[in-house]
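Visitor: Here is what each chain is made of, one letter per residue.
There are 2 protein chains.
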Amino acid sequence: MKSYAKLIAEMKEIALIGSIGAVLGYDERTALPPKGTEHRSNQSAFIAKMVHEKFTTKAVGELLKEAAEETKALPADSTEATNVRQLKKRYDRSTKLPTALVEALSKAIVIGEAAWAGARKSDDFEAFAPYLNTMLDLKKQEIECYGYTTEPYDALLEDYEPGMTAAELRNVFEGLRGPLVELIGRITSSGKVAPLEILERNYPAELQTNFCKIAAAAVGFDFEAGRLDISVHPFCSGVGPGDTRMTTRYDVNYFGDAFFGTLHESGHALYDQGLPDEHFGTPCGEAVSLGIHESQSRMWENLVGRSESFWKFMLPKAREVFGSTLTGVSDAQWLWAVNDVRPSHIRVEADEATYNLHVLLRFEMETAILSGQMAIKDLPGEWNSRMAKYLGLKVPDNARGCLQDVHWSAGLMGYFPTYTLGNLYAAQFFVQARKDLGDLDAMFARGEFAPLLGWLRKNIHGHGQRFTAKELVQRITGKPLSHDALMTHLSAKAKQFYGV
Amino acid sequence: MKSYAKLIAEMKEIALIGSIGAVLGYDERTALPPKGTEHRSNQSAFIAKMVHEKFTTKAVGELLKEAAEETKALPADSTEATNVRQLKKRYDRSTKLPTALVEALSKAIVIGEAAWAGARKSDDFEAFAPYLNTMLDLKKQEIECYGYTTEPYDALLEDYEPGMTAAELRNVFEGLRGPLVELIGRITSSGKVAPLEILERNYPAELQTNFCKIAAAAVGFDFEAGRLDISVHPFCSGVGPGDTRMTTRYDVNYFGDAFFGTLHESGHALYDQGLPDEHFGTPCGEAVSLGIHESQSRMWENLVGRSESFWKFMLPKAREVFGSTLTGVSDAQWLWAVNDVRPSHIRVEADEATYNLHVLLRFEMETAILSGQMAIKDLPGEWNSRMAKYLGLKVPDNARGCLQDVHWSAGLMGYFPTYTLGNLYAAQFFVQARKDLGDLDAMFARGEFAPLLGWLRKNIHGHGQRFTAKELVQRITGKPLSHDALMTHLSAKAKQFYGV
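Quick mapping for you: the protein sequence lines, in order, are chains Y and B.
Numbered according to our numbering, the first sequence spans residues 1 to 500.
Numbered according to our numbering, the second sequence spans residues 1001 to 1500.
Bound-form chain Y, shown alone (with noise of 0.2 Å):
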């Protein structure tokens, strides 16, 4: 196996050049003096350059031919079966796009999230319209360079989520849908209202730092092979072998914004902490898609970390860190407070069970402009319309509604339904963890959560890209993605807190 030894080798150069971007892209965000943004952007677009330059390469192509006829007779889910086709699958994908395609992308997504922020700014849809149809058209090029087989969608979503289908997606997200909107509408229609209050009194940073850091090593987070920074916006980085980094950012006088964040990027860092490093820069040490890697935040933020019996361990500590901040608060208002389920008009403040709306909803906005069946003009009527009928809400604005998320503006076409998919996985992997594992709310509530993530690590971290999502998720819990576990999930929370 000569040849595959060989592409190995390279691919683990060009993840080393890689992994040197992501240091120049968590300290732009981290550290970065304003005036040294030039010089960086000129740092990173040449590791940028070397990488896509050394990766496609016919060289590489070639090696890849000669690497596929040598590992052709071993089982798929071999390390060198593995490596070569999803490798090949890659630099397919990689050699598809013409330069000329891939440079005026690369100059709309610029322009594009420029126009988008002034837009958003002075809450005017007419002033982005041209450039969200300059994008799509892009996009239908791009989508017309990968090809096809059932819907133009299914091009792009498999760069976030391999293997799945708009169909699929479809199928499940509108089983969820229903359910969904019914079971938030009797939240909203009880009358109860969380006691909030608990989590906007006054939090010093220094005092939310120490109990992240608490929180993130608690639930496994290595911080002799990682830290935990501060960003304007929160997120987490797998730099290279004992190097995970994540951020968060702290609000003193809201105590959720930086702790359930460090929650949701530490499940991020755990994945990443937990990919084997003999394999760094090949498929079997990376995360399968965008949708699995979601599921891990998601799982310790939400499953996990809005528990009762997370917070049976957590809360005496919470009480010892922010001291008389906490007077007069029982467990259970705490324990409430932090699982409020409430309609709200922007995604990224959204809660636990709202936000799958939030997703739903973009994700069938961005099919039907994408099949040509509603046309960019009608997309704020069609987003106020479906906040109305979905969350029950009046959008107030655009830059409340359709002008919210960046994505779009950066062709991120196709991501959206990934934080959604975190969700369902999440549940349904949950599910499965505690048949598996007996009583892990016994455990939580003794600080042990070492059997869950190890769980996790032998299930789904161990494997890199053996196996796809929808794989996985059968591998695991023996049955197709269903919306069954998480609206299991919600609809007990739903019980316990607002008696619906």
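A few of these clues could be false.
Pulled a few chain B residues facing chain Y out of the computed Cβ check, cut under 7 Å [as the list claims (entries may be wrong)]: (1) 1016; (2) 1020; (3) 1023; (4) 1027; (5) 1035; (6) 1036; (7) 1039; (8) 1042; (9) 1046; (10) 1225; (11) 1226; (12) 1227; (13) 1240; (14) 1242; (15) 1243.
These are computed hints drawn from the structure, not numbers from a lab.
Computed from a predicted model, the values in this text were never measured in an experiment.
Beta carbons: idealized from backbone N, C-alpha and C, even for Gly.
Chain Y is fixed; fit chain B onto it per the hints.
Guide: For chain B alone, coordinates are given in the frame of chain Y:
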């Protein structure tokens, strides 16, 4: 000038890559999680190799030849002539060492540093001697490759203080030694002891950070184009245009370390921030020498930062920041405390005056060893007898004697003199700045440091490598380097605080 243009484009790309290495290095020393060390060393090695390979190609050699032809009629201090001349020197030097020697040296440095760390810990010079011997052999081979006119040591000096010779150094250093030994002897005999207890009170790290930033900003460090962070060994790194970073470290029971460390690094940083951005990546945008660089750090740390006028401005601010910590401290006591002169064993902890004797001693030892006049086995004895002669101190063990510095184990022979050169240059420049700018003390007392910084920008920073250190001294001060200015400065301080 086609070849010149090509050469410059190539150099700018190499510098861009090198600056990526600088980001990796900065992150390594300020942020890297421990388990990320191995991956980081792979990243840094990749960048270092690329920089070396791209610079030492035959193509660069050809471009240099052609560019020399194209620019030969231009004045020596023109941008083009400067760049070609300096690059040619660098190229010739970097292509003179055979790969085998370069590799042997890198290996010897890693092994040597580890051996040194162990030997210092166990105070075992015998254990270190063989490694020092190996390093010495390699340095002698290096010297043979580079060649020299008068003394082998000159070939090594070229890396740190280009154009300087051992003979010139010896001449200036010997002029300094006698009067300085005598002055320090008088200070010690005076029996007067500065009120050091003032600096050893409780200085909370957070308050020190605030105060250090106030001082750095006051002297002109642009925080929009840089940062101040924490690291074990303080340093300054000019990453690239708009991005100059420095570090310090906080001892809550000692004011001097972080504060004067920050002023010191600010001096380096002001030089880096003052280099012309448009010449980034070429000699016209780079510092002259380590000695000139050090003159900037020493000027702000000592000549400005320990002056009475500086503290007229800063002490009221210190009283505000540190509150009760400074209760009962008079202006005069504070000023004496930060101007304490006292012989001590460790160079890096030495004061402004005695520091130079630590350096002279090392210069004498390393030149003697390289010329064969001294054997390695005699190093401890020679060291200790000089410490007695120069500073009146008995050396308790080699860990606090000839094993205290990492430099020799890392092959940095020829580096030490640049520290005292910095003090000498700084003092001589400062005399001239006073002549050119008028009452600097009145300005400092009002917090006006911009005139001095502007003077340094105009006379030093802005030139890049257009002039050698020697030329700069002559141009700026109208005479060659001598010990006069430094001795005058130190004598005045001795008179003021010790009455001698």
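Visitor: With reference to the structure, classify each hint as holding or not holding.
Guide: Tested hints:
1. 1016: holds, 6 Å
2. 1020: Check passed: Cβ of residue 1020 of chain B comes within 5 Å of chain Y, closer than 7 Å.
3. 1023: It holds, given that the least Cβ distance between residue 1023 of chain B and chain Y is near 6 Å, below 7 Å.
4. 1027: holds, 6 Å
5. 1035: holds, 3 Å
6. 1036: Since the shortest Cβ distance to chain Y is 3 Å, the answer is holds.
7. 1039: With a minimum Cβ separation of about 4 Å from chain Y (threshold 7 Å), the hint on residue 1039 of chain B holds.
8. 1042: holds, 6 Å
9. 1046: holds, 6 Å
10. 1225: holds, 4 Å
11. 1226: OK, holds: residue 1226 of chain B within 7 Å of chain Y, min 5 Å.
12. 1227: Residue 1227 of chain B check passes; min Cβ-Cβ to chain Y is 6 Å, inside 7 Å.
13. 1240: holds, 4 Å
14. 1242: Where the cut-off is 7 Å and the nearest Cβ of chain Y is about 3 Å from residue 1242 of chain B, the hint holds.
15. 1243: This hint holds: residue 1243 of chain B lies near chain Y, its Cβ roughly 3 Å from the closest one there, short of 7 Å.
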